[in-house]
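Could you put the whole structure together from the sequences, leaning on the hints where they help?
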Amino acid sequence: MSSRRTRGRRRLLVFAAGGGMLALAFVVGLVDLAPATSADSDLAAALVELAVEQRSPNTVSGVLFDLRATDTLGEALALFAASAGLQLVLRELPGEQRRSEPRSGAPGREAPPTSDAVRAAALALVVPTAVFAVYVTFRGHLGLGGGLQAGALAVTALALVFLAGRYRAQRHFAPDRQLDILEAVSLGGYVVVGLAGLVVAGAFLANVLPLGVLGELVSSGTILALSLLVAIEAGAAVLLIVAEVQEEPLEREEPG
Amino acid sequence: MTVARILAVLLVGVLGTAVVLTRDTVHQALVFGLFGLVLALVFLLYMAPDAALAQVVVSGLVVPLLIFVTLAELRGRAE
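Just so you know, the sequences run in chain order A and B. Our numbering numbers the first residue of the first sequence as 46 and each following residue consecutively. Our numbering numbers the first residue of the second sequence as 91 and each following residue consecutively.
Heads up, a few of these hints could be off.
[Said to hold, decoys possible] Listed next, the stretches of chain B that the computed footprint assigns to chain A, with coverage defined by at least 3 CB atoms under 8 angstroms from CB atoms of chain A:
1) 115 to 129
2) 149 to 159
[Said to hold, decoys possible] According to the in silico footprint, chain B covers these stretches of chain A (three or more CB under 8 angstroms from chain B):
3) 183 to 193
4) 196 to 206
5) 276 to 288
Simulated from the structure, these hints should not be mistaken for laboratory data. Even glycine gets a Cβ: it sits at the ideal position worked out from N, Cα and C.
Printed below as a string of structure tokens:
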């Protein structure tokens, strides 16, 4: 058995090797890096042209939900797999009792009281955060927002409710069963939109919905639709992950 | 602009080191959230506001939230 000191030295050696390589790769990458302000490049011009063509002033969304929409489908699938995998690992096994209450509400355990300042701040932030989440949700094709960010912001609004000590309210807003359905339906909807493109225009995820007028709320065809679907999917997935960790059955009866 | 960028990148390095050196998990989650916010600032300074927004919500909100919920459960189990 190696002593603590040699183990520490070995660790340092591994760190030096790994850190050295990372530093080398970083420097090489920096030397080769294109200048940050290359807005006049051919690629940028082509992307902006495409974004205007698809009535999406936000070029990033134009790329995410049109040009590279298949990549976004993969990302949404990864989130779906993460939440499904966690539910599988933390599922209720025979002999385990599922707690209906969070640990902090269990009888016989003194829950540390949430300070009034935290409660007041969290309560005051719930509505602005929820409004901002809605704003970001419906803005993905016009400016900043849409997709994952919107979903995560919506989850934050609910987390604030939890932080303010309104656990029951949060459960009411986020029932697992409905979240499961919501997550699956929104991800399935993404694929359906993609298949519609395949049938109508001959390409998976082709933009087949009416494009509308540049800059209007309902415009950009499937870009807005896919952005909304990803927002719902991401929000449901993150919320399910949090809920699953909170509800993990902790009581295991000894066999025999 | 260049000065701000250099400062922000340096701050990311400092806070990243701070995350590693923080031993207490609760404090670490807080420092990690701060680290994520400064990283978002770097994205913003390099004119990638979309990436910055994603960084804020994921690293500043969702990851600390998950860590806190998990820690709360683990502490309940230890008692």
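Coverage of the segment 183 to 193 of chain A by chain B, judged on three or more residues with CB within 8 angstroms: holds (count 3)
Is the listed coverage of the segment 115 to 129 of chain B by chain A valid when you require three or more residues with a beta carbon under 8 angstroms from a beta carbon of that chain? violated (count 0)
Closer than 8 angstroms Cβ to Cβ for three or more residues is the test here. Does the segment 149 to 159 of chain B pass it with chain A? Our answer is that it holds, as 5 residues pass the Cβ test (under 8 angstroms) against chain A, meeting three.
Has the segment 196 to 206 of chain A got at least three residues whose CB is nearer than 8 angstroms to a CB belonging to chain B? Check passed, 5 qualifying residues.
Under a C-beta cut-off of less than 8 angstroms, do 3 or more residues of the segment 276 to 288 of chain A approach chain B closely enough to confirm the stated coverage? holds (count 3)
Against the hints set out earlier in the document, a violation occurs for number 1 only.
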